[in-house]
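Q: So the chains spell out like this:
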Amino acid sequence: MEKFQTLRSGVVPLPIENVDTDQIIPARFLKSTTREGFGQNLFADWRYQPDGQPKADFVLNNPRYQGQILLAGKNFGCGSSREHAAWALYDAGFKVVISSYFADIFRGNALNTGLLPLQVSDEVLQGLFRQIELEPETQLVVDLPSQTLSIPVWDAAIGFELDAYKKECLINGYDDIDYLVSQRDAITTYEQLRKWVF
Amino acid sequence: MAKSLFDKIWDAHVVKAIPGGLEVFYIDRHLIHEVTSPQAFDELQERGLPLSRPKQILATADHNVPTRNQHLPIQDPLSRSQVDKLTENCAKFGVELFGLGHQYQGIVHVIGPELGVTQPGMTIVCGDSHTSTHGAFGAIAFGIGTSQVTQVMASQCLLISRPKRMRITVDGELRPGVTAKDIILYIIAQLGTGGATGYFVEYAGSAIRSLSMEGRMTVCNMSIEMGARGGLIAPDATTFNYLKGRPYAPQGERWEQAVAYWQTLYSEEGAEFESELTFDAAAIAPMITYGTNPGMGIALNSSIPVLGTDGEAASFNKSLAYMGFKPGESLLGKEINYVFIGSCTNSRIEDLRAVAAYVKGKHKAQHVEAIIVPGSKLVEKQAIEEGLDQVLAEAGFELREPGCSACLAMNDDKIPAGAYCVSTSNRNFEGRQGPGARTLLASPLVAAITAVEGRIVDITQYVN
Ligand code: SF4
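Line order of the protein sequences matches chains A and B.
Counting the first sequence from 1 gives a position; my numbering is that position plus 405.
Counting the second sequence from 1 gives a position; my numbering is that position plus 56.
Worth flagging that the hints you see were computed from the coordinates, not collected in a lab.
None of the values given here were measured: they were computed from a predicted structure.
Mixed in with the good hints, there may be bad ones.
[To be verified] For lysine-lysine, the following BS3-like pairs were computed, each having C-alpha atoms within a straight-line distance of at most 25 Å:
| # | chain 1 | residue 1 | chain 2 | residue 2 |
| --- | --- | --- | --- | --- |
| 1 | B | 111 | B | 416 |
| 2 | B | 390 | A | 572 |
| 3 | A | 572 | A | 460 |
| 4 | B | 374 | B | 390 |
| 5 | A | 436 | B | 148 |
| 6 | A | 436 | B | 141 |
| 7 | B | 382 | B | 416 |
| 8 | B | 416 | B | 390 |
| 9 | B | 220 | B | 72 |
| 10 | A | 572 | B | 141 |
| 11 | A | 460 | B | 374 |
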């Protein structure tokens, strides 16, 4: 996993609620056996015509909006557990998704991919959508060590929550596997205590 | 302190709590399939790690498999390579695989329970969000992403935090024609797609207790559709009778010990829940969805809501535009082109029986294509033994071979763009059943009646 410290970037707005993982990456693109290459099919059915031509009205095809931050409506990432959704966003260049609400599995998958799910209040989210609509070139700064989202044009900074362990992992590029493997003795002891289940 | 069912099972699986709230959480059973496991096996090998507990893993091929001619090689090269990769990985790592052609092959959430692999008190995970199905047995079961699949493979544990507890009680008697599917569609319509995010739901109450195991699985299956991490139901005599004698269930003396333990698994009087909701079973009508998320459901004989100009309006209108419906209109009389009976929500023997019982001696409408995809080889076998295949064939329904099929349309079973499909599956997302497909979720009974009538009708007139 890549390290994440701070990011200053433009924003791509997607003001739709309940964006499910079938929209982020439709099932027919899940046939790969590797983690790479999902970015080209990110939001495939919203982004391309059936013949593969880009749909001009979809935000990813609009050159006015550029950046590594996706600003998304409430309850982002609901539906399937496919981590491919987080991989697709990451592969397409996104490092942060801002929403007022994330589905549980998506949040976990994003963190395990190195993609930061940054939760803000509904009011802040709506404010950001308005700001980006007015000034598409607006830049935001995400600072992970201090857990702040700064909005320079507003001269404002907002704190955001993140589990302390997960924060360490992102900052250092660690993942859970190393930690879990290091717990092998504790796990074996546990197994001996409740062996009867099997 | 009085403990909830959820806490009893959760506490029994904490290997270690680490400061900050995360816990090393032990997993008893890990189910895998071809779509979300290949990257995990690769990761394991890249890190030079062994597979921690191969005996606690069970594999099947379901998402990608064709539902016709399963004895022939899979035509789609990408699907074939995914299924082949699973076969290779299982052979290499010593994992039991119920692949194509195996007598136990089927949808992962159908075979676990029917083989007795799923048992009360267990923790069960799978790289699939509908793992919540297994909660019907009084297990903590939930879907995980591929990185977590790797974690379980490497350590048999996950590093997670404890969700909050919600109890949903449904008391009273169900009206005729109202099934488990209607209960859960009703609950999701009340809570919305994010209404239970962060919670693990226990379903309780007399209406839940009176459900068969198949019905309970249907309810737990769709817990994720309101954002819940999972759902579970306390095990009881219905659960034990279902499990007894199943191939992987405990036998003999071990059975007795198991039942004695399972009987301790219930929420004690006064147990704490962060959220408690109660519904009246008699208020639930046969349901159908009209939009593009499972929370957009209504009673069949009511109308699509008219939404004002609040925050959700844009998403609501987008959804209705996709479906070709208008705010405030009724769905009754709408012509339907496809009926799909299948998926881990409703593809068990009881579902097939309900459909067969209704369509016996009738015939589907000419313009409707009706396919039934059993959840497993065992369901298929039993359907044939009971003669359901004949009944269905005479009614013009096509009984296919087991798999996920048109639930997510990864194989050839796709609904064409613009067509309407009444489906017993769990998701009506845009394009879920194929690009442009329009899905209306409903129970097997509603699906069967719709297939015969060729349009959406108020089924209450048909079941009385
Ligand atoms: S039937 Fe549908 S929901 Fe169930 S496991 Fe298969 S794809 Fe997922």
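Q: Are residue 390 of chain B and residue 572 of chain A close enough, with their CA atoms no more than 25 Å apart?
A: 51 Å, violated
Q: Assess, step by step, whether the Cα of residue 572 of chain A is no farther than 25 Å from the Cα of residue 460 of chain A, and give holds or violated.
A: 37 Å, violated
Q: Is residue 572 of chain A within 25 Å of residue 141 of chain B, Cα to Cα?
A: 34 Å, violated
Q: Given the hint that residue 436 of chain A pairs with residue 148 of chain B, test it: the Cα-Cα distance must not exceed 25 Å.
A: Between residue 436 of chain A and residue 148 of chain B the Cα gap is close to 21 Å, so the pair holds against 25 Å.
Q: Hey, residue 436 of chain A versus residue 141 of chain B, does the alpha-carbon distance stay inside 25 Å?
A: 11 Å, holds
Q: Within 25 Å, alpha carbon to alpha carbon, are residue 382 of chain B and residue 416 of chain B?
A: 35 Å, violated
Q: Given the hinted pair residue 374 of chain B and residue 390 of chain B, is their alpha-carbon gap at most 25 Å?
A: 20 Å, holds
Q: Measure nothing beyond the straight line between the CA atoms of residue 220 of chain B and residue 72 of chain B; if it is 25 Å or shorter, mark the hint as holding.
A: Cα-Cα ~19 Å, so holds.
Q: Hint check: residue 460 of chain A vs residue 374 of chain B, CA-CA at most 25 Å. Holds or violated?
A: 16 Å, holds
Q: Hey, residue 111 of chain B versus residue 416 of chain B, does the alpha-carbon distance stay inside 25 Å?
A: Judged against 25 Å, a Cα distance of about 44 Å means the pair is violated.
Q: Below or equal to 25 Å on CA atoms is what counts here, so check residue 416 of chain B against residue 390 of chain B.
A: OK: residue 416 of chain B and residue 390 of chain B at ~24 Å, within 25 Å.
Violated hints, in rising order: 1, 2, 3, 7, 10; the structure is consistent with all others.
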